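Student: Residue numbers (this note's numbering), protein chains in the order written: chain G, 1 to 470; chain H, 1 to 240; chain A, 1 to 202.
Simulated from the structure, these hints should not be mistaken for laboratory data. Given the structure is predicted, the values throughout are model-derived calculations rather than measurements. Please note: incorrect hints may appear among the correct ones.
Said to hold, decoys possible - Derived CB-CB ranges, DEER-like: (1) K464/G x Q62/H: 20 to 30 Å; (2) E40/A x E119/H: 47 to 57 Å; (3) A48/G x L156/H: 50 to 60 Å; (4) P412/G x L156/H: 39 to 49 Å; (5) G142/G x R191/H: 20 to 30 Å; (6) A22/A x E390/G: 22 to 32 Å; (7) E20/A x R389/G: 22 to 32 Å; (8) E40/A x G25/H: 30 to 40 Å.
Said to hold, decoys possible - Keeping only pairs whose Cα atoms sit at most 16 Å apart, straight-line, the calculated EDC-like set for lysine to aspartate or glutamate is: (9) K463/G x E162/H; (10) K464/G x E22/H; (11) K162/G x E195/G; (12) K78/G x D300/G; (13) K78/G x E59/G; (14) K88/H x D141/G; (15) K31/G x D14/G; (16) K463/G x D188/H; (17) K124/G x D174/G; (18) K162/G x D143/G; (19) K151/A x E86/A; (20) K78/G x E283/G; (21) K464/G x E162/H; (22) K15/G x E30/G; (23) K151/A x E45/A; (24) K466/G x E162/H; (25) K464/G x E141/H; (26) K463/G x E22/H; (27) K162/G x D174/G; (28) K124/G x D143/G; (29) K215/H x D196/H; (30) K466/G x D188/H; (31) K78/G x D3/A; (32) K31/G x E162/H.
Beta carbons are placed, not taken as given, at the ideal position from N, Cα and C, and that holds for glycine.
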Amino acid sequence: MSHQQIDQFAHRLDKGVRDSVLGGSAAGTEKRRQVLFGDLPNADSLRALAGRIKQHTLEHLDRYLEAAEERLIDNGAKVHFAWDAASACQQVETLLRERGVRQVTKSKTMVSEEIELNRHLAEKGFDLVETDLGEFIVQLDGDHPSHVVKPIIHKNRSQIAKTFERCGLGDYNDDPETITRRAREYMRRKYLSAEASITGANFVSAESGRLCIVTNEGNSRFGLAGARVHIALVGIEKLVPDDRSLSLMLNLLGRSATGQNLTVYTEFIRGPRQPEAISGPEEMHVIFVNAGRTETLASDCREILRCIRCGACMNVCPVYRQSSGHAYRSVYPGPLGAVLSPLLAGSARFAEFADLPKASSLCGACNEVCPVDIPIPDLLLRLRDRAHREHAPAAFDDAPNLKPWAMLAKSPAAWRMSLRAANMLNIVPLGFLPFGPLGRWTSQRTLPSWRGGRYRQWAAERKKQKNNPS
Amino acid sequence: MMTCLCDAFFDDVARATHEVLESLGIEVIVPESQTCCGQPAFNGGDWASARQVIRHTLNVFQGDCPIIVPSGSCAAMSFHGALLAHEKETDLPQVQAFGARTWEICDFLRNGLGIESWEGRLDARVAIHSSCHSRGTGTPEAIRTLVGSIAGVTLLDFTQPEQCCGFGGTFSVTFPHISGSMGRLKIDSVRATHPDLLVSGDMSCLMHLNGLAEKQGSPLPVKHAIQVLRDARVTPVTVQ
Amino acid sequence: MNDRARIFSAINDALTPLQERAALPELDPAQWVCPSRLTEGGSWEDFRRNFEAVNGTFLTSFEALSRLLRDANATEGYADPGLLEELPETFRDGLTLHETIDRGSIDRYAFGITRAHAAIAESGTVILRDLDTPDRLAALAPWIHITLVAKEALFSNVTEAIDDLGEDPNTVWVTGPSKTADVEGILIEGVHGPGIQVCLPI
């Protein structure tokens, strides 16, 4: 039995959920590979290039954030800043209240999950509806998304059909097309009656102040066609230097996320609508949210802030595939979450998530698919070192103590002696060793026979023989 | 560098490395004081301990001749992991120099010595598992080229080759369920191609996979790539 | 200290210790043009192939458009008033065309005809701007969305279209019908927006 929370979660995971996560992720990985390399044979050098652009932006964030702010103000938008989750929620609430807004549509934004905006606005009596189909279902179920791009990868059609039935969206029907049509009918009334629409942003160009938002369903676009107030919640790391960089990022994002050359709806928003336009928000508010990002920027893992939330790392991750997104107990799952969640939690709550960086075989597949080439395994290792230095208990559940081993490994004579001594292992029945690391090894696998020091012996004989050929 | 795993379990892999190098006219030196590359502590997050072991290893392997290791994982530890562990240390340059001399054995044969094909014969259907730590290095291509060039060898392609086998060092004991499931998936995709032999450049992956397979009741025929190369061509050296 | 000052100060604190900062790499957009998508050098033929690959409906005549609407039993819809004179009499026969969208009866419109600012051959994308298509709903609410685009307004690749973004507060690129794969990864078209996305170069 292991005590690592993620391993336990994976062990207890419903087989249906595991199969759908495993199948969905593997299909995503394969489609990405075909489309990305089919279209762009030099994709690996483009990933490196995109990573350098984002790294440069992060390392000059003061300059670019200020530039974006200026452009947006010039374009007629209002710009706000939120230090943490509480401040961001409060500012959204105030904006809505001051404008007499009660009904709100919201398209998918991960930063709103971080700040738990839905809960906050519901408690304050606002009527907010998630418009992305998957997020809508998550909202109806009081659940959490388990993937950054495919929020309900852990649900099957019959669970969804039951939810719709329970929520008065028609009799039980698990046909995906029917489910989608019902959401369509329900949602269009909401788009037109909501006074405000909340979105995230995939990118912000510092050069033009342009927000770039991508969706496949068109829900963000519809929300912004119906509402008169647009509030965009944007993590401060979403910047790119210029519009040209957007061109590269968009080419990589759709292909990495869903194997599409471009996401269906790619919106570029500079500011509120022009007076002569018939639809579109008259007011545009951009709230730049920190919520732990500056602390991450100050750390030696700042590369994780390059992330453009494509989800390719979780799709390819063998640990994510076995355990599903909810195993990570945080907004961001998979390799991305294993790095970002402990960092965004801040120094005060780092220890709570210190086991996440351990949940990896360090296989490096995440780095290989990352569109901004984040060295995720290196960051996981740095966080393991940090957890160790800070004595975070979650990181030590079941982890073998390596200090005695290290002592041995720098004392060659003792090392050689114990190699020979361990030959004892061959005569001790392994069944008598059910505890400790060896027990957890043999719970799953057999152990090869111990042959400690045999090669040393052979090499010594060989040397002797060569020196004194007979 | 013999690797701690070969020191403890897989002496024949270290011996095959030795024999192949000698057969190419290379003198092999085996420093007696060597122990381990430091990876277990490094991956386990105990970097302070890891650095002690790395420094010991640095000391043992002084000089400027190439350091050959029959493991993509230990090689990557030497030229990547050790640098990460020492990034804020004053002896980083020594660690870098050590890393620059370290080669995984097949990478060394193919890209260090420029060997393009391997003589000898082996009539077998061979599946090759590339270990994760050799991603982005010359090793995967080297193994495919050299093993694939042996007369009689048919290389097999199994599905999702990029997926990890689930070993991951201490991961295999701290996350036993996930590690086991990952390994069984890998075994299934390998078995689907009906290989006579599963070959890899890392005994750690093979020890884990075969351990799982044996537990299931049907062992996998596994061999390190260097054993395959030796057995195809070199007559084993007998020692009295 | 307000939130803005706090954030900028924390960014400065984070970046000051860096001995070097990553330089902005040189960008050569030719590197991310997809050769296999532009076999005809960025022509309408390329657009057609790429647009059809994302299940867009490419038409070359108003007769074909009439047939499509007839087959779908679509007789009532919206047409951008600025486009009316582009629509031939024979096409308009038998259709009820509204020049505004009544938000109270959004389901009345079986189709919407709008003007696209341009199209992108490489990606099979049509570009809509507020300046050209003042009511965003016309391109979203009806099941069938038809965009008319001038034959000369074709960009070869994505970067050319980015360079042309200009001053319009709102531009949207549309690459195929609205779609989702949220339920078990099964592709369903027509989620919130159109299920049929038509492009007709004029």
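Student: Work down the list of hints and note, for each, if the structure agrees.
Tutor: Hint-by-hint comparison with the structure:
no.	hint	result
1	K464/G x Q62/H: 20 to 30 Å	holds (24 Å)
2	E40/A x E119/H: 47 to 57 Å	holds (50 Å)
3	A48/G x L156/H: 50 to 60 Å	violated (32 Å)
4	P412/G x L156/H: 39 to 49 Å	holds (41 Å)
5	G142/G x R191/H: 20 to 30 Å	violated (43 Å)
6	A22/A x E390/G: 22 to 32 Å	holds (28 Å)
7	E20/A x R389/G: 22 to 32 Å	holds (25 Å)
8	E40/A x G25/H: 30 to 40 Å	violated (58 Å)
9	K463/G x E162/H	violated (40 Å)
10	K464/G x E22/H	holds (15 Å)
11	K162/G x E195/G	violated (30 Å)
12	K78/G x D300/G	violated (33 Å)
13	K78/G x E59/G	violated (25 Å)
14	K88/H x D141/G	violated (48 Å)
15	K31/G x D14/G	violated (26 Å)
16	K463/G x D188/H	violated (43 Å)
17	K124/G x D174/G	violated (34 Å)
18	K162/G x D143/G	holds (14 Å)
19	K151/A x E86/A	holds (13 Å)
20	K78/G x E283/G	holds (8 Å)
21	K464/G x E162/H	violated (44 Å)
22	K15/G x E30/G	violated (22 Å)
23	K151/A x E45/A	holds (12 Å)
24	K466/G x E162/H	violated (43 Å)
25	K464/G x E141/H	violated (36 Å)
26	K463/G x E22/H	holds (12 Å)
27	K162/G x D174/G	holds (8 Å)
28	K124/G x D143/G	violated (20 Å)
29	K215/H x D196/H	violated (19 Å)
30	K466/G x D188/H	violated (46 Å)
31	K78/G x D3/A	holds (15 Å)
32	K31/G x E162/H	holds (14 Å)
Comparing the model with each earlier hint shows violations of hints 3, 5, 8, 9, 11, 12, 13, 14, 15, 16, 17, 21, 22, 24, 25, 28, 29 and 30; every other hint is respected.
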